[in-house]
Amino acid sequence: MSSNDVQTSDFQQSRREFLKRFGGGIAIFVTFGGSLELLERAEAQSRGVPSDFNAFVRISEDGRVTCLTGKIEMGQGPITSLAQMMADEIDVPYEMVDMVMGDTDLCPWDMGTWGSLTTRAFGPLLRAAAAEARGVLLELASAALSVPVPRLQAKDGVIFDRQNESKRIAYGELAKGKPIARHLTVKPELKDVSEFRVMGQPKLRRDSLEKVTGKAKYAADIRLPGMLYAKILRPPAHGATLKKVDSSGARKVDGTLLVENGDFIAVLHELPDVAEEALGRIDAKFDVPPATSTDENIHQHLMSVAPKGDLVAKTGNLEQGRKRATRTIETRFFDGYVAHAPMETHAALAQIEDGKCTVWASTQNPFGARDKVARAIDFPLDRVRVITPFVGGGFGGKTSNMQAVEAARLAKAVGRPVQVMRTREEEFFYDTFRPAAVVNVHSGIDNAGRMTFWDYEVFFAGERGAAQFYEIPHHRTTVRPRGWRGGPGMHPFATGAWRAPANNTNTFARESQINAMAAAANADPIEFRLKHLKDPRMIRVLKAAAKRFGWTPAVTPSKRGLGVACGIDAGTYVAAIAEVAVNARSGEVEVKRVLSAQEMGIVVNPQGATIQMEGCVTMGLGYALSEEIHFRGGQILDTNFHRYEIPRFSGLPKIETLLVEANDIAPQGGGEPAIVVMGAVIANAIHDATGARLKRMPMTPKRVKAAMQEA
Amino acid sequence: MAATISFKLNGERVRLKADETRKLLWVLRTELGQTGAKYGCGRGSCGACVVLVDDRPVRSCMAQVRSVRGKEVVTIEGLAKGGKLHPLQRAFVEHDALQCGFCTPGMILTAYGLLRSKREPSREDIVKDMDRNLCRCGAHTRIIDAIESAAAELRNGKSTT
Chain A
4 MSSNDVQTSD
14 FQQSRREFLK
24 RFGGGIAIFV
34 TFGGSLELLE
44 RAEAQSRGVP
54 SDFNAFVRIS
64 EDGRVTCLTG
74 KIEMGQGPIT
84 SLAQMMADEI
94 DVPYEMVDMV
104 MGDTDLCPWD
114 MGTWGSLTTR
124 AFGPLLRAAA
134 AEARGVLLEL
144 ASAALSVPVP
154 RLQAKDGVIF
164 DRQNESKRIA
174 YGELAKGKPI
184 ARHLTVKPEL
194 KDVSEFRVMG
204 QPKLRRDSLE
214 KVTGKAKYAA
224 DIRLPGMLYA
234 KILRPPAHGA
244 TLKKVDSSGA
254 RKVDGTLLVE
264 NGDFIAVLHE
274 LPDVAEEALG
284 RIDAKFDVPP
294 ATSTDENIHQ
304 HLMSVAPKGD
314 LVAKTGNLEQ
324 GRKRATRTIE
334 TRFFDGYVAH
344 APMETHAALA
354 QIEDGKCTVW
364 ASTQNPFGAR
374 DKVARAIDFP
384 LDRVRVITPF
394 VGGGFGGKTS
404 NMQAVEAARL
414 AKAVGRPVQV
424 MRTREEEFFY
434 DTFRPAAVVN
444 VHSGIDNAGR
454 MTFWDYEVFF
464 AGERGAAQFY
474 EIPHHRTTVR
484 PRGWRGGPGM
494 HPFATGAWRA
504 PANNTNTFAR
514 ESQINAMAAA
524 ANADPIEFRL
534 KHLKDPRMIR
544 VLKAAAKRFG
554 WTPAVTPSKR
564 GLGVACGIDA
574 GTYVAAIAEV
584 AVNARSGEVE
594 VKRVLSAQEM
604 GIVVNPQGAT
614 IQMEGCVTMG
624 LGYALSEEIH
634 FRGGQILDTN
644 FHRYEIPRFS
654 GLPKIETLLV
664 EANDIAPQGG
674 GEPAIVVMGA
684 VIANAIHDAT
694 GARLKRMPMT
704 PKRVKAAMQE
714 A
Chain B
1237 MAATISFKLN
1247 GERVRLKADE
1257 TRKLLWVLRT
1267 ELGQTGAKYG
1277 CGRGSCGACV
1287 VLVDDRPVRS
1297 CMAQVRSVRG
1307 KEVVTIEGLA
1317 KGGKLHPLQR
1327 AFVEHDALQC
1337 GFCTPGMILT
1347 AYGLLRSKRE
1357 PSREDIVKDM
1367 DRNLCRCGAH
1377 TRIIDAIESA
1387 AAELRNGKST
1397 T
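Going down the list, the protein sequences come from chains A and B. Using the numbering used here, read the first sequence as starting at 4 and increasing by one per residue. Using the numbering used here, read the second sequence as starting at 1237 and increasing by one per residue.
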């Protein structure tokens, strides 16, 4: 069966389930593709949105509208912005929209919540579904009121005759009686920005009340009668193999149940802490392979095993560009492994009842979790349901669903509901780290201070953000490899997508090198960039940032400690300016002020977009200044927050944000873009303060001091 | 050692039999169903598990359950009184001082302890007192704003809506 077949049959199955569960009301199913060419089918698939059917919309007899989406809420706020879209397109008050998210039995298939795709790729589909639902309601109203559709108008959940406003009927009235399933294929009319009433308005989060009162449930908060808590035996290092095990100590603890299947050994108990304690009584011996790679020598290793490059951008002739250059600079940049470290560790609760497995999971991709669970316990897909409660942070790290599989396997083995919740140590150990990476950049300027060539080669960060966007006549960008995982033997442990994957490393290297070019040209770094920019979106956002910050041009290093960096991510343009002070004796960097300016097309929720920018600035300070995984072979040395330093209240600068209006551009990504510039903006500010060029992240006091001695 | 332990939890008397050296967090979350207290690190490094013991913030992942014998424990579930949000809860909502919400109960209860000892904290006071509470989403500046605004409200003794 192709993946399309799977989706289709899933859908039919879940449509039946859906109608059964919801009883009365109107359910709208919309077909995409064919006559509806909002998104090309292939494009839809590559973007991870349903290509056969779009979101379910349901209008209930009380007039409330339910939006059902496979997207999940992990903090970035789609629970709010998607509801805004729904309300506007279907013409009901915002408060009348309910959200059902991440339930694989109720919601249409979705690849996952990542890549800043929720608004820009899923948003148009959701809006189209809502607009079609409004079309269905108009047809039903036309029949009920005996008024032709063109004479009808929908507003605030009521449809009325424009010629006789007393002739009116509410959505809820239309939804009364037996369930109506409608299926439209005409292309819906999406509203123009000028018609928005809910979209574009700053909205507070919808889920705050639950979250400040403790009512919000996360996966590990779900309780079922008879449930057990499982703790699983883990190796001391990646690549280690279990040699010998004696679990008798654990068996002696009252009330424990053991599951032993090869090297999968779990202790289960009605109390999680007792299970943990019993696990500690298992005597296990592992063979640990000798450690060869460490966080210090990993870059050499990566460069030696990197695959041949893929060319992703090329213009002109590098040789000519080199000849025309009067000053060239070649720099090698380094980045380390970084952890996701969401505050909520991975958790799942699995229950098997009447041949159906239900899993409550902390996941960014409930459908991926469902497929994995089904395979692991040998259940058909329609006998597995994944429900996603609130997710306590993901950032790209909650996609492998290992804990959901473990919980399901154990529930199957013991015939009772089983919870698996990782300890913080397990969370660090099994994280899919942002990969360590190396970037080589060689570039040059001519006598007039114009860049003549740019030769960029990136190892292991990945492709996103690698291609540069300046006007340079001769340039080449090579990625080795395109993705970040490489293959077996490349990284000593798992790697994966981390908020704006690849782009943080690439923007650090590119914008640091651009600044080095500006310094070589004795130019102001903003003027130097503007001189090499043609893209009006980038010019606009950079100028807006400079103006808001109160930038006055000066040759860098100016001793002011001001840095600038630009980036493009998820269709959004970002420019940031930072002010730092560097303690020459300790090498400590105090970030005093960060301004982040962003142009993201139409802004659905300005409040939510602003908060994502603030979050990106804050999180970005971590990878820029302190975050790095230390390891010896497959052994992860940073096991908890006392060793792995994420940003705290005390290190935070004054954060300012600026949204640059661009209502002529479709909505773009918002959860990630503002983070990509954070490494470079700090590095450039350090250089501006001290003349020292930081080539390796994170820019720890030790590295800053070393760079200052070199300068 | 299993022992009978009684204390007050969110205004109600509770009595349970448990190994008295077990950590308060797990007893609260498991036997007592108060899942608002979160596990974040298990070693007192993140503050997600903070609850109030006799009105003072305590990291429940480090505290043994016997340490609350005869005392009054309040979790985030018990902070709103008679359906009325505490000014800190209201301020967190009004300032959008949260994203994923996982650190929020610990943030609010830690701030509660701060406002109890300092009626008019400066921003520096707030930063200093909150510094051992971790947030990964980056809601920090809004959390500080929310605490400042709740402090003002508590000082003025008014109950704004």
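You may find that some hints are simply not true.
What the simulated footprint calls covered on chain B by chain A, stretch by stretch (three residues with Cβ under 8 angstroms from a Cβ of chain A suffice, anywhere in the stretch; the number is not a length) [to be verified]: (1) 1256-1262; (2) 1283-1294; (3) 1305-1316; (4) 1350-1356.
Computed cross-link-like contacts, DMTMM-like style, restricted to lysine to aspartate or glutamate with a CA-CA straight-line distance of at most 25 angstroms [to be verified]: (5) Lys705/A - Glu213/A; (6) Lys218/A - Asp1291/B; (7) Lys1364/B - Glu1384/B; (8) Lys1244/B - Glu213/A; (9) Lys218/A - Glu1360/B; (10) Lys170/A - Asp159/A; (11) Lys255/A - Glu1384/B; (12) Lys218/A - Glu1308/B.
Per label pair, the in silico range of CB-to-CB distance [stated by the list, open to error]: (13) Gln1300/B - Lys562/A: 20 to 28 angstroms; (14) Val308/A - Glu1308/B: 58 to 66 angstroms; (15) Arg1359/B - Lys246/A: 51 to 59 angstroms; (16) Gln1300/B - Gly418/A: 42 to 50 angstroms; (17) Gly418/A - Ser1353/B: 50 to 58 angstroms; (18) Arg1359/B - Glu142/A: 52 to 60 angstroms.
Worth flagging that the hints you see were computed from the coordinates, not collected in a lab. The structure displayed is predicted, hence computed values, not measured ones. Ideal Cβ positions, reconstructed from N, Cα and C, are used throughout, including at glycine.
Item checked: Consistency of beta-carbon spacing, glycine 418/A to glutamine 1300/B, with hint 42 to 50 angstroms -> 34 angstroms, violated
Notebook entry, point to check: Taking 25 angstroms as the top limit, are the C-alpha atoms of lysine 170/A and aspartate 159/A close enough?
Noted result: 15 angstroms, holds
Checklist line | Coverage of the region 1350-1356 of chain B by chain A, judged on three or more residues with CB within 8 angstroms | finding: Coverage by chain A is violated for the region 1350-1356 of chain B (0 residues, Cβ < 8 angstroms).
Check: Taking 8 angstroms as the C-beta cutoff, is the stated coverage of the region 1305-1316 of chain B by chain A satisfied by three or more residues?
Finding: Since three or more residues must qualify, the claim that chain A covers the region 1305-1316 of chain B holds, with 5 doing so at under 8 angstroms.
Next item on the list: Mind checking the alpha carbons of lysine 705/A and glutamate 213/A for me, to see if they're no more than 25 angstroms apart?
Entry: 43 angstroms, violated
Check: Going straight from one Cα to the other, do lysine 1364/B and glutamate 1384/B come out at no more than 25 angstroms?
Finding: Given that 25 angstroms is the threshold and the Cα spacing comes to 14 angstroms, the pair holds.
Note to self: Can you tell me whether the CB distance of arginine 1359/B to glutamate 142/A sits inside 52 to 60 angstroms?
What the structure shows: Since arginine 1359/B and glutamate 142/A have Cβ atoms about 57 angstroms apart, the given range 52 to 60 angstroms holds.
Note to self: The hint says 20 to 28 angstroms between glutamine 1300/B and lysine 562/A; measuring C-beta to C-beta, is that right?
What the structure shows: Cβ of glutamine 1300/B to Cβ of lysine 562/A: about 55 angstroms, so the range 20 to 28 angstroms is violated.
Notebook entry, point to check: Falls inside 51 to 59 angstroms, the C-beta gap from arginine 1359/B to lysine 246/A?
Noted result: 55 angstroms, holds
Check: Straight-line Cα separation of lysine 1244/B and glutamate 213/A no greater than 25 angstroms?
Finding: 24 angstroms, holds
Check: Are there three or more residues in the region 1256-1262 of chain B whose C-beta lies closer than 8 angstroms to some C-beta of chain A?
Finding: holds (count 3)
Next item on the list: Indicate whether the distance between the beta carbons of glycine 418/A and serine 1353/B respects the range 50 to 58 angstroms.
Entry: For glycine 418/A and serine 1353/B the Cβ distance comes to about 51 angstroms; the hint holds.
Hints 2, 4, 5, 9, 11, 13 and 16 from the earlier list are contradicted by this structure; the remaining hints agree with it.
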